[in-house]
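**Student:** In case you want the letters, here they are:
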Amino acid sequence: SQTIHQWPATLVQPVGSPLSLECTVEGTSNPNLYWYRQAAGRGLQLLFYSVGIGQISSEVPQNLSASRPQDRQFILSSKKLLLSDSGFYLCAWSHREMLGFLRAFFGQGTRLTVV
Amino acid sequence: GNSVTQMEGPVTLSEEAFLTINCTYTATGYPSLFWYVQYPGEGLQLLLKATKADDKGSNKGFEATYRKETTSFHLEKGSVQVSDSAVYFCALSEGGINTDKLIFGTGTRLQVFP
Chain A
60 SQTIHQWPAT LVQPVGSPLS LECTVEGTSN PNLYWYRQAA GRGLQLLFYS VGIGQISSEV
120 PQNLSASRPQ DRQFILSSKK LLLSDSGFYL CAWSHREMLG FLRAFFGQGT RLTVV
Chain B
145 GNSVTQMEGP VTLSEEAFLT INCTYTATGY PSLFWYVQYP GEGLQLLLKA TKADDKGSNK
205 GFEATYRKET TSFHLEKGSV QVSDSAVYFC ALSEGGINTD KLIFGTGTRL QVFP
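Protein chains in written order, with our numbering: chain A, 60 to 174; chain B, 145 to 258.
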């Protein structure tokens with residue numbers, strides 16, 4: 060069966076420090092991968108998505124970047140964190156079901172607090 | 145660009161009440177539409193879906209009909225239970241194989257009291 064791992068679960072980082080959040084998927088190949096940020100009153104904001112290795116699409120201008128060094132690995136990074144980067148980050152993967160629709164599966168999320 | 149708009153919450157209901165959570169969308173093509181649910185302490189999971197106009201998605205007593213003429217996908221349940229308390233997200237997927245992405249609404253918190 061397919062599983063998605065996201066870590067760490069919580070993280071407290073000082074302003075100006077670097078960030079690396081990792082997400083890996085098991086049990087599937089060539090998934091679409093996503094990073095979302097969930098904020099109260101703003102729902103799930105799509106930050107990045109990837110349809111293949113090295114292919115990254117950015118949805119919003121921001122202080123973050125994403126990379127996909129392997130088929131089932133998706134990394135969210137920052138060189139220097141800002142206070143406004145605090146939030147709850149969710150990784151997800153998706154595939155097309157036999158009927159053709161896109162189905163997504165989510166990780167447990169990372170609570171990032173920048174202090 | 146494409147977007148999803150949901151009614152703001154929280155929605156507070158008594159057990160066995162009728163539920164409607166409104167969702168409208170903006171899309172240039174023919175997206176698939178979804179409702180995802182996030183129960184307390186759990187990750188998001190797919191609740192139901194509809195892939196074309198007039199399709200009705202259903203699961204666990206919840207239903208939603210893809211209305212292209214009103215660009216809506218409202219979530220309904222005839223009789224809610226305390227266990228339905230959760231945050232509900234309306235979503236759409238757009239694009240073809242090389243541009244697949246999922247766009248979510250802001251989420252609506254449902255609180256059901258006994």
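Since the hints were made in silico from the structure, they are not lab data. Everything numeric in this text was worked out from a predicted model, so none of it was measured. We put the beta carbon where it would ideally sit given N, CA and C, even for glycine. Be aware that one or more of the hints could be misleading.
[As the list claims (entries may be wrong)] If you only want the chain B side, here are some residues facing chain A, beta carbon under 7 Å, derived:
(1) P184
(2) L192
(3) S237
(4) L246
(5) F248
(6) G249
(7) T250
(8) G251
(9) R253
(10) L254
[Unchecked claim] If you want a taste of the chain A side facing chain B, the calculated C-beta under 10 Å gives, among others:
(11) W66
(12) P67
(13) N91
(14) Y93
(15) Q97
(16) P120
(17) R162
**Student:** Next, verify each hint and record whether it holds.
**Tutor:** Hints and how they fare:
no. : hint : in the structure
1   : P184 : violated, 13 Å
2   : L192 : violated, 11 Å
3   : S237 : holds, 4 Å
4   : L246 : holds, 5 Å
5   : F248 : holds, 4 Å
6   : G249 : holds, 5 Å
7   : T250 : holds, 3 Å
8   : G251 : holds, 5 Å
9   : R253 : violated, 10 Å
10  : L254 : violated, 15 Å
11  : W66  : violated, 14 Å
12  : P67  : violated, 16 Å
13  : N91  : holds, 5 Å
14  : Y93  : holds, 7 Å
15  : Q97  : holds, 8 Å
16  : P120 : violated, 14 Å
17  : R162 : holds, 6 Å
The structure fails to meet hints 1, 2, 9, 10, 11, 12 and 16 from the earlier list, while all remaining hints are met.
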